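S.K.: Using the sequences and the hints given, assemble the complete structure.
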Amino acid sequence: MIDVQNLSKTYGTFAAVDRLSFKAEAGEVVGLLGPNGAGKTTTMRMLTGFMPPSAGSARIAGYDILNDSLEVRRRVGYLPERVPVYPDMTVQGYIQFWANLRGVRDARRQTERVLESVHLLERRKTLIRNLSKGMRQRLGLAQALVHDPPVVILDEPTIGIDPQQVIEVRQSVRALGEKHTVLFSTHILSEAEQVCDRVIIINHGRILAQGTPATLRQQLQPGDHLYVQISGASSAAGQRLLAEIEGVQQVQPQGIGFHVRAAVRANLRGDIAQRVVQAGYQLEELRPVAMTLEDIFLDLLGREEGA
Amino acid sequence: MNKQIIIRQTQVGQWFGYAGGAGLMAALVGFIAQSGLTEFVGIALTIGLIGLFFWAALAPADFRAFVSGRQMRYSTGAVFGTLLLLGVVALTYVILQRAVITLDMTEGQRFSLSTETRAVLNRVVYPMRITGFYSPRLLSQREIDDQFFRLYEVETDGLITREYIDPEQQPALAQRYSVTFDGEIFLSYVNADGSTDFSTTTRVPISESQERDMTGAIARQLISGTLTVYFERSHGERDPLDSTQEGMSGINGGIQESGLITQPFDLQQVASVGGDLPTDASAFILARPLTDFSDSEIAVIDRYLKRGGALFIMSDVLFNADAFLRQDGKFNQFLWNNYGLRALDAAIVDPVSSQDTPLDIVSAAVYTDSAIAARLDSGDTPTLFRLARAVEISSNPPANTPNGRIVLSSPQSYGETNLKQLGETNTYAFDPEDIQGPLTSVAWAYNQKTGAKILLVGDSDFATNGQVLTGGNSILFTDGVAWLTGYGDQINYAPQAYRTGLPLMFVTGQTLDAIAFVTVILMPGLVLLTGFIVWTRRIRA
Amino acid sequence: MNGTWVVFRREVGQYFASPIAYLIAAALLLVTGLYFNADLTFSVGTKPAEPALIPLLLSFAMVFCAPLLTMRLLAEERREGTLELLLTAPVSDGAIVLGKFLSAWFYYTILLALTFIYQIILVSITQPDMGHTMAAYIGIWLYGGATLAVGILFSAITENQIVAAFLSIALLFILWMGELIGQIITNLELAEVVRQLTLIGHFTSSFAVGLIRAEDIAYYAGITALMLFIAIRVVESNRWR
Ligand SMILES: Nc1ncnc2c1ncn2[C@@H]1O[C@H](COP(=O)(O)OP(=O)(O)OP(=O)(O)O)[C@@H](O)[C@H]1O
Ligand SMILES: [Mg+2]
Chain A
1 MIDVQNLSKT YGTFAAVDRL SFKAEAGEVV GLLGPNGAGK TTTMRMLTGF MPPSAGSARI
61 AGYDILNDSL EVRRRVGYLP ERVPVYPDMT VQGYIQFWAN LRGVRDARRQ TERVLESVHL
121 LERRKTLIRN LSKGMRQRLG LAQALVHDPP VVILDEPTIG IDPQQVIEVR QSVRALGEKH
181 TVLFSTHILS EAEQVCDRVI IINHGRILAQ GTPATLRQQL QPGDHLYVQI SGASSAAGQR
241 LLAEIEGVQQ VQPQGIGFHV RAAVRANLRG DIAQRVVQAG YQLEELRPVA MTLEDIFLDL
301 LGREEGA
Chain B
1 MNKQIIIRQT QVGQWFGYAG GAGLMAALVG FIAQSGLTEF VGIALTIGLI GLFFWAALAP
61 ADFRAFVSGR QMRYSTGAVF GTLLLLGVVA LTYVILQRAV ITLDMTEGQR FSLSTETRAV
121 LNRVVYPMRI TGFYSPRLLS QREIDDQFFR LYEVETDGLI TREYIDPEQQ PALAQRYSVT
181 FDGEIFLSYV NADGSTDFST TTRVPISESQ ERDMTGAIAR QLISGTLTVY FERSHGERDP
241 LDSTQEGMSG INGGIQESGL ITQPFDLQQV ASVGGDLPTD ASAFILARPL TDFSDSEIAV
301 IDRYLKRGGA LFIMSDVLFN ADAFLRQDGK FNQFLWNNYG LRALDAAIVD PVSSQDTPLD
361 IVSAAVYTDS AIAARLDSGD TPTLFRLARA VEISSNPPAN TPNGRIVLSS PQSYGETNLK
421 QLGETNTYAF DPEDIQGPLT SVAWAYNQKT GAKILLVGDS DFATNGQVLT GGNSILFTDG
481 VAWLTGYGDQ INYAPQAYRT GLPLMFVTGQ TLDAIAFVTV ILMPGLVLLT GFIVWTRRIR
541 A
Chain C
1 MNGTWVVFRR EVGQYFASPI AYLIAAALLL VTGLYFNADL TFSVGTKPAE PALIPLLLSF
61 AMVFCAPLLT MRLLAEERRE GTLELLLTAP VSDGAIVLGK FLSAWFYYTI LLALTFIYQI
121 ILVSITQPDM GHTMAAYIGI WLYGGATLAV GILFSAITEN QIVAAFLSIA LLFILWMGEL
181 IGQIITNLEL AEVVRQLTLI GHFTSSFAVG LIRAEDIAYY AGITALMLFI AIRVVESNRW
241 R
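Those protein sequences? They're chains A, B and C, same order as listed.
The first sequence begins at 1 in this note's numbering and counts up by one.
The second sequence begins at 1 in this note's numbering and counts up by one.
The third sequence begins at 1 in this note's numbering and counts up by one.
Hints in this document: simulated from the structure, not taken from any laboratory.
Be aware that one or more of the hints could be misleading.
Interface residues of chain A toward chain C, partial, derived using beta-carbon atoms under 7 Å [what the hints assert, rightly or not]:
{"no.": "1", "residue": "Arg82"}
{"no.": "2", "residue": "Pro84"}
{"no.": "3", "residue": "Arg102"}
Source: prediction; values computed, not measured.
Heads up, the beta-carbon is just placed ideally off N, CA and C, and yes, glycines get one too.
M.R.: Structure representation (structure tokens):
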């Protein structure tokens, strides 16, 4: 559905997006993950035909974004980051306007349907200027969906709204994946993890990693991570003890215990338990630590900055 | 450090690029405006090329991307599209301007020619030229006038042409035409070589009706030189060359300016040899002869009238024995017998309708049914006669010779018949011999068979330089001459053919207040109220 | 075409939903009303009613009104970010600009229609030259269209409404100055050419005197088309710049 090839955007000499390539299949929810200024918005703007790429190309539903811009725009629903609205229109008027502009046939019914789905139907006579931020966000979402596009592009749809609504929005995005291809940007990892079939991590306009949250975790989590808590030993002694175990690469104090990172090998935990007991301490706790995407992400960013 | 320098170099290159672009644009504009490779265009072009060169040298990547890139393609497309559209618009404009397609929406058809004007223009056979003097300040007035003048050019297939001259730029030419004000218009015949024939140049008057002014001027130009008016000079008449208050140089000049020729005529001498009035005599003016005519002189006039001549008689109260047109004189008798007109030996005394003395009579009533008096509205333009003579029309005129009165005195007036006393002591009083008013002071007669016309006015002072500009005196004279000579028929001027202008408004103060209330308070108020309602309803939404 | 219609409808709705539009209409009625009354009081008994009174006033007023009516049309969209949605909707840039222009023209037409009240009053108290008046109104209608197109162009160029209004007032003022050209330029031919290029030069000496000329219609239609064309190219340039 979305096929991006070496997409680049330079502002003057500054490369905001740098040779980005990725694909999204039909019915996939793809998360574009990156810190502020990573180039997420810029990428989306190019894909929706708002601005041209400096180099590279992209196809949406088989149409080139530059040469068949109109066909692309017909098939894309877009929620910009700023959620632009006309404050002096009513909720219904606003959605119906976009429905009409996008040539939706039964505009009135579609409007009601989409307003219903974002729980704004009872507010349809309200002026947009009187809506709360969260409502506006949902209104923007309704706007992007009113013409039932095969591809939906959402630029940080959950920023600035309360946790309750965040969950709702995430659920609706998740639900979108059943019928639409969704490209969705965020800088919150847990969100990407929850919502996306696939995550693309970018920074400085370049892809750092991509894959399903699970594979990413696997790929990016080489070795075991364990939490070990020992009683009876000083912190320094405990750390020394653990570090001496074969395969352990790194030991960091974490709370009253230690975070141990080690190469994957058989019977690591047994060895740890054995060594602790041998040294005359007590093993209070030993459990694997599942790394979140968050950790991986920060890890990746850290590595990049270091490089 | 190194990086910074590179950026700066690129930026410098870009600045050169902008400068180059600006230079090329300037060169293009200059080339179009000055239509040629002038010095300015050369300099701008050089700057442009140098700029482009440094751009390419300092920021080669940038330059390459620009030249081969999307930007270049689209921006040149946009620029060429704009230029193309501009060309199409300009072309359409010029074509339509040449085609002169206009729609006159005014009620009075101010920018269309009447059938009367068309008839006059049909008679134009030699090229004429409308010359307008307008300074650039009057450009918009000129364009408005030109809308109208070009109708004449179109109607005559270019026989009448237009030319406009800036009097400030060509003062010598303006002097040649003796231009007195900005926006003045002249009409002249054009010589075979295309130059203006200044001997025929006349000033086009400027009044409310542009069409009347212009068509009248053309008509005068057409008949100029074809009509000759003769002034009788052998009986002590008023002198048409005398420019004193008592003279008649004013009307003489007026006639000439209308395109008629004036000539003196010695009736006594011609009569003595049995001669006749010249065949080109359109009218014969007797401007108060002092002495009465002899038989042979009457015969000359008779022959002239029989061949369709026109006679303008101004006769005053005279006190000499053989005064012109004595009531019982032969000439008076001749007029009465043949044309049903005569003068009475009575001075009109009007105590009601008069000025300084009851002898300075002001027209009390005017019969406006004749062509002569059509413009003589007694209210606006009364005639003023000093010591006028009563005239009489026959109620039983000769066959085919209808007659009529034009100017009457008031019913309270009377005709003083004791002229002797009047002349010697300047006293008058109503007594039984006197004639009871109202009395006629101007009358006409017309022989339908021969075409002879006579206009008899019982006064001559009205046409003197001292009096002719008073009230309707000049109208009486010029329209009299126009009727006699057929001038009026020739210029084919039918006043009703022209718009009289929109009617004036007459509204009471109360109505004005009501209008002010509706337009200044009610209407804006209603709109504001609607806005307020809309606003409150929105607020609640 | 559908896009034009949808944008047109939204903008017209916007005009009539905002109190500002009513405020402008009321102000215009007040000014023209005062002017009308002043002329009426002055004319009574001395001269016939001036048939092109209101159009002549508007020919000057539009220099300031047209930018005010059009400044927000595109500049606001750009500033508020709604342009991003508009430009990613499947409509041509031409349809957007055209729809906005037509809506402004429509609103202006309504304003013009409101001033017909003066003609109705005149008809009831005297015999005005209605043909002449109609010509003047047709002229000022086209004239207004051209000035609005100029306003749209500047609204497309900048995202700052004030700047847009200021620039278009400046340009319109220059185009309006035709009447004064003669006083500045002493060369008659040059003055005439310059006058042909100005907005006012195609109004005061034709429409305003009751004459409809094909060339004047071509001029206003041409200016309008040209301005809109450039405005469309400016909006479009977002896509390739
Ligand atoms: N019009 C512009 N001119 C110059 N630089 C720009 C422009 N727009 C964006 N940038 C730069 O491009 C980079 C990428 O911006 P972008 O908005 O795509 O980031 P983002 O990933 O969406 O960030 P955020 O999470 O804050 O929304 C940023 O460094 C930004 O400063
Ligand atoms: Mg962003």
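S.K.: Mind checking the CB of Arg82(A) against every CB in chain C and telling me if the closest is under 7 Å?
M.R.: Result: holds, 4 Å to nearest chain C Cβ.
S.K.: Would the hint on Pro84(A) be counted as holding, given a Cβ-Cβ threshold of 7 Å to chain C?
M.R.: Nearest chain C Cβ about 4 Å off; hint holds.
S.K.: The hint names Arg102(A) as touching chain C; please verify it with the least Cβ-Cβ distance against 7 Å.
M.R.: It holds, given that the least Cβ distance between Arg102(A) and chain C is near 6 Å, below 7 Å.
Figure legend: structure checked against the earlier numbered hints; every hint is met.
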